[in-house]
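Engineer: As they're listed, the protein sequences go chains A and B. Heads up, the first sequence is in my numbering, so the first residue is 1 and it goes up one at a time. Heads up, the second sequence is in my numbering, so the first residue is 1 and it goes up one at a time.
Possibly wrong hints are sitting among the right ones.
As the list claims (entries may be wrong) - Below, in silico cross-link-like pairs of lysine-lysine (DSSO-like), each with a Cα-Cα straight-line distance of 27 Å or less: (1) Lys308(B) - Lys160(A); (2) Lys50(A) - Lys261(B); (3) Lys223(A) - Lys64(B); (4) Lys131(B) - Lys159(B).
Said to hold, decoys possible - To spell it out: a stretch of chain A is covered by chain B in this simulated footprint if at least three of its residues, at any positions, have a beta carbon under 8 Å from a beta carbon of chain B; those stretches are: (5) 245–254; (6) 310–317; (7) 339–353; (8) 460–469.
In short, the hints are calculated from the structure, not lab data. Note that the structure is a prediction, hence the values are computed from the model and not measured. Even glycine gets a Cβ: it sits at the ideal position worked out from N, Cα and C.
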Amino acid sequence: MYFARGPLRPLFPLKSIQSSISVAFSCLILVTIAVTSLIQFRLSVDAVEKNSRGYIEEVIKQVNTNIQSYVDNMENISLLAMTNKDVKYYISNNSFISEEERRPYEKRISDLFQSILYTRKDIASIMVFGYNGRFVSDRRITSLNPNAKVEEQPWYRNAKNEGGKSVISAPHVQNIIQNEYRWVVSLSRELKNTDGITADGVFLVDLNLSVINDLARQINLGKKGYVFIVDESGNIVYHPQQQLIYSSLRTEHIAEVTTAGSGDSFTVDDDEGRRFYTVQDTNFGWKIVGVAYAGDLIGYKSTLRNSILITVCGVAVSLLVSVFLSHRLSRPIRNLQKTMRMVEKGNFDVKTEIGQMNEIGQLGRTFNMMVGQIKNLMQEIIETQENKRKGELQLLQAQINPHFLYNTLDSIVWMAEQQKHEEVVLMTSALAKLFRASITKDQEIVPIRVEIEHIANYLLIQKMRYADKLNYELAFSDEILPYRTLKILLQPFVENAIYHGIRNKPEPGTVTIRGYATADAVVFEVEDDGLGMTEVQLARIWERQVNPDPGKGGIGIHNVNERIRLFFGPEYGIRIRSELAEGTCVSITIPKVLD
Amino acid sequence: MRIQRFTLALALLLLAAAVYAVFDFKLYPASSAPEKTVTLLLKSKNIRTDYWQTVSAGAEAAAKEAGASLDIEGPLQETDADAQAELLEAAIDREPQAIVIAPIDDDRIAQSLQRARDAGIKLVVIDTPSKLKPAPVSVSNNHQEAGRQAGLAAARATKGNPYVAIVSDFPDSVVSAEREKGILEAVSSDPAHNAGTYYAEDAEEKAYALVKRVLARKPGLNAVLALNEPAALGAAKALKEAEVTNRVTLIGFDSSIYQIKLLEDGSLKAIVVQKPFNLGYLGVKSALRLIDGQKVKSTYIDSLIVTKDNMYTPENQKLLFPFNQK
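Start from the sequences, fold in the hints, and give me the full structure.
Structural biologist: What follows is the structure, given as structure tokens:
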């Protein structure tokens, strides 16, 4: 199987450093903050839950202690009655108290009960029922409810069954006294005879239910939280919505509560909301349960929301800052890039702004310098190319100098008229050879032999034209023959020597052309014994000839020099020595170039 | 540049979220703390009226459960229509979200209720129907069903052959009429079973005299159904005097300490008790549902028949002896 594999591409190709930086920053910040706030959230939820559970447990413990103290108090009262001799004697089966004696007994007992009752607002009533049919209450004159039989009351029966141990009843309506229907919690206990075996009666203390009711009602477990109490078998002792439960309008999690041990807590989460149940056992069998709604725990949600709010704000601000920062960081780079693009398009006249001297500033400076350098080089190249082309053009003009051609043809005509056939043939063939050499355009550089031949032909023609006025000598060393030279290198100098040096001289002149090799170069010398030049004239030769006059047939010395230098390098070129009335010597140095 | 734009958008989005959170944060407690306001207008706020105190307790339970704020108002006398009308007007001016009312039968109340309805206040009528048309949502005791239960109890006590006299209060009383209707449903209006309905006008003496007269005139009478407390007390006295307590079954309505005593001593065979706690609870609960914009149907609360044997069970104790915070 073959897969076409391209270069691996990043998921999101990022176009600029700025975007990379901002995306990286954003991701970093987001991930960090997300993780931190998640952990923070978890921790705080746990902490809040733990705290509130602890708080509820504390509160319920307090309720437990309070209820316990009420019950303990009843217990103490019962112990008091149990140990009271009057009570014992009064209900004792084998005591023989006559009707007359009964009254003071009853009064003393009743006074005792009453004094207890005065000190305790929470106690509704204290009574003692002897199995001998006698009974005393905290009230002086008490009539019992004729329709309620004491023996049938649950608290009475339970006390009898327990045989001496105290029994706590569920809250109920105490209907034993005529015309009184009070909600109470009863503590009852069977009283023993002095022998400790025989049971003599039942003692009853009633606690006002309002005490427990108030207690449970005052407990603040948030707005909706509440306290309820169940007994050992799961019957509701107290519940703020007891009637609703009886009418099945509400349910309570009784089963969980009865299985839970003291100090246990559990969480319920249904359509009524998440809430915590905390259970505390009392030592007389009741279970006190606190219920707190999670949504009620004030400060819980708002604190969390605050922290999340701050986090979100922080993320937003840091994102903005990161965008700003990355923008600032990448702006000089983008400027540099813009400038580079302009340079790319060929505009070398630009300069990038350099802000601070940081890395990017240094980069900009180096770039500016580089662009300047390139600009100079380009200028040079352009100039060089221009000069080269100019030289070539002039060379071409030199080769086919029309004046030269007319003059030569005139000479030929004149010679032909004179019947000098031999000379005509000689000159014509020299001219032909000269032109052939010129026309071979394919090569810029030719063997020295060809150049010698060329200059010989040229001089031959000139010699024929000027006859006795011109003499010439050619002296080329054999060592230079293997080397090459620029085409038509010597002709302009010879031409100058003839036209400027010898032609205007009254006596005949001689042009000497030498060629020899030095250690590392080939030197040509074109020497004439003509008029020579003044210093000023010499200097003018070197000046650039902007518009060389083609009519004068002059190829600028300067241009030839330039041609040599361009071709062979700056260390080669032309030197001119000249003395007025003595002559001029031009020496041309070129390198040894083999085939 | 696209990524940068994305980052900017993300930042803006987050800022928007933050702004929203601030807004929500400011708005939320404002709308949740005094979130729902309900005014409960009773026939009587007298702490001696156990019935209305228990209704209040139920209403408070419902308000606490929902975290709503509840105002409870009511005249001292159950018949004080003027006072209730004034209280209703004042309540409307306070602009609660809902009013739960046990209306006293009076035209002014109906007019005020119309004004409340026009003001966009949700209405729930409890206990007794109002004259407002169309009828608002109501939560009431099912008086007819209560009457039927009493009739069935009478039929059971007379071994299926009841001969029943009904002691009512006034011919135009809505509650009594419904109870009577329920009784006759269970007993049949056949003259063989129905000894007639007598109006004692809320007076014990009058009921006593009436029952005495009926006993003399209709010797076969074996059951008396007393539709309210004075009727029951008067009838019990008459039956005791005639020493026919065991032969003639007396069944009463509503609980009071006197009726309970009669139940204990056997003068009353049974009493049919209402559930005022549930009335208050369901009344406020319906109002809260209306505030939430839910559809709410009228509710009927069934009554319970209590006899001497079961009067001290935990459930019935709670109904017979309302335990109210003083």
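Engineer: Confirm or reject each hint.
Structural biologist: A quick look at each hint next to the structure:
no. : hint                  : verdict
1   : Lys308(B) - Lys160(A) : 24 Å, holds
2   : Lys50(A) - Lys261(B)  : 52 Å, violated
3   : Lys223(A) - Lys64(B)  : 7 Å, holds
4   : Lys131(B) - Lys159(B) : 41 Å, violated
5   : 245–254               : holds (count 3)
6   : 310–317               : holds (count 4)
7   : 339–353               : violated (count 0)
8   : 460–469               : violated (count 0)
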